[in-house]
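**Student:** Below, each chain spelled out in residue letters.
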Amino acid sequence: MIKPRLKLLAISSGGGHWVQMLRLRPALVGCDVIFSTVSESYRSEIGDAPFRTVHDATQWEKFSLFRSAFSVFLLVYKERPDVIISTGSAPGFFAIFFGKCFGARTIWLDSLANAEVLSLSGRLAKPFADLWLTQWPHLASMNGPEFKGNVL
Amino acid sequence: MIFVTVGSDLPFERLLKTVDRWAAETGCKEIFAQIGSSRWTPKHIDCLPFLPPSIFKERFRTADLIVAHAGMGTILSALFYEKPILVMPRRASLGEDRNEHQLATARRMQALGKAHVAFDDAEMLSRLQNLNALVTAPKIGPYAGEDLLNALREFIDCGQQKSAA
Numbered sequence: 001m002i003k004p005r006l007k008l009l010a011i012s013s014g015g016g017h018w019v020q021m022l023r024l025r026p027a028l029v030g031c032d033v034i035f036s037t038v039s040e041s042y043r044s045e046i047g048d049a050p051f052r053t054v055h056d057a058t059q060w061e062k063f064s065l066f067r068s069a070f071s072v073f074l075l076v077y078k079e080r081p082d083v084i085i086s087t088g089s090a091p092g093f094f095a096i097f098f099g100k101c102f103g104a105r106t107i108w109l110d111s112l113a114n115a116e117v118l119s120l121s122g123r124l125a126k127p128f129a130d131l132w133l134t135q136w137p138h139l140a141s142m143n144g145p146e147f148k149g150n151v152l
Numbered sequence: 001m002i003f004v005t006v007g008s009d010l011p012f013e014r015l016l017k018t019v020d021r022w023a024a025e026t027g028c029k030e031i032f033a034q035i036g037s038s039r040w041t042p043k044h045i046d047c048l049p050f051l052p053p054s055i056f057k058e059r060f061r062t063a064d065l066i067v068a069h070a071g072m073g074t075i076l077s078a079l080f081y082e083k084p085i086l087v088m089p090r091r092a093s094l095g096e097d098r099n100e101h102q103l104a105t106a107r108r109m110q111a112l113g114k115a116h117v118a119f120d121d122a123e124m125l126s127r128l129q130n131l132n133a134l135v136t137a138p139k140i141g142p143y144a145g146e147d148l149l150n151a152l153r154e155f156i157d158c159g160q161q162k163s164a165a
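Top line first, the protein sequences correspond to chains X and L. Mapping of the first sequence onto the working numbering: residues 1 to 152, in sequence order. Mapping of the second sequence onto the working numbering: residues 1 to 165, in sequence order.
Quick caveat, the hints were computed from the structure, so don't treat them as lab data. Cβ coordinates follow ideal geometry from the N, Cα and C atoms, glycine included. Mixed in with the good hints there might be a few duds.
Said to hold, decoys possible - Some, not all, of what chain X presents toward chain L, calculated at C-beta under 7 Å: (1) LYS7; (2) GLY15; (3) GLY47; (4) LEU152.
Full structure from sequences and hints, please.
**Tutor:** Right, dumping it as structure tokens:
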């Protein structure tokens with residue numbers, strides 16, 4: 001029997017979050033991957049793979065958060081991915097949250113930039129992430145995130 | 001050529017002013033800065049607010065030294081392109097970021113030997129006076145470590161088996 005291909009949404013903010021996401025690509029081979037981030041300018045970096053932009057919400061400011069959440073909701077609702085992976089930040093949290101509501105399996109990989117405390121969006125993602133990872137061994141714990149390696 | 005970048009998200013004028021002062025004092029012309037959303041413009045350095053990704057990459061690839069905020073994306077790029085990198089962390093206490101995560105990043109990356117760090121303006125100036133001491137860290141490949149990739153593969157594949165069963 002031929003295994004059905006999984007639809008996977010790889011979603012992150014720009015800058016370092018996006019750089020870290022691109023370093024995960026070998027793990028996504030075999031899935032139908034949709035990449036999503038906050039700026040059209042990143043499209044050129046992923047070749048022919050499907051690419052969608054969502055609104056950013058870096059300031060944790062109410063209106064931009066709402067707009068970001070809504071754009072992520074539309075994306076998840078339309079695409080109904082089987083798996084969602086995010087390297088942060090706010091748009092990634094929204095994707096994990098809405099994805100979980102629609103039955104997706106979810107992965108949160110907290111950014112390498114959070115070396116002393118997990119990010120706020122990472123802490124919020126805990127109840128909705130099936131795989132909840134930090135990239136720093138000293139931040140992993142029994143009730144905390146797991147450490148399975150980093151993007152370096 | 002020294003390539004200065006402060007990320008696209010928030011201004012970081014303290015870093016630009018320090019490098020600009022150094023450029024004025026030494027007369028060094030071989031500097032280019034992507035200044036992002038900073039409102040203040042350097043007087044002694046060629047600069048632009050944003051470069052398109054392809055040009056950014058080219059500037060990065062051809063630079064002799066990267067001077068930057070302590071952003072993880074910039075540090076990863078420097079390691080990939082085998083460039084020496086000198087970072088100054090943004091300080092939330094000075095209104096340069098929302099929290100002090102860059103201070104943590106800078107400390108950890110310095111401890112791992114991945115980046116050179118100037119924790120303040122004075123240290124940045126003294127580090128720039130001694131460019132030869134800024135050695136390059138070992139190159140990293142284009143992708144994450146195999147242990148992390150395998151953990152992700154395992155998690156993704158287990159759903160594939162479930163839906164095939």
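**Student:** So, as I understand it, the hint says GLY15/X touches chain L; can you test that by seeing if any CB pair is closer than 7 Å?
**Tutor:** Cβ of GLY15/X sits 5 Å from chain L, so the hint holds.
**Student:** Checking hints one by one. Is GLY47/X an interface residue toward chain L, by the C-beta closer than 7 Å rule?
**Tutor:** Given a least distance of 14 Å, the restraint on GLY47/X is violated.
**Student:** LEU152/X was flagged as interface toward chain L. Is the shortest Cβ-Cβ separation under 7 Å?
**Tutor:** Since the shortest Cβ distance to chain L is 6 Å, the answer is holds.
**Student:** Quick check on the hint: LYS7/X CB to chain L CB, less than 7 Å?
**Tutor:** 11 Å, violated
Violated hints for the displayed structure, listed by number in ascending order: 1 and 3.
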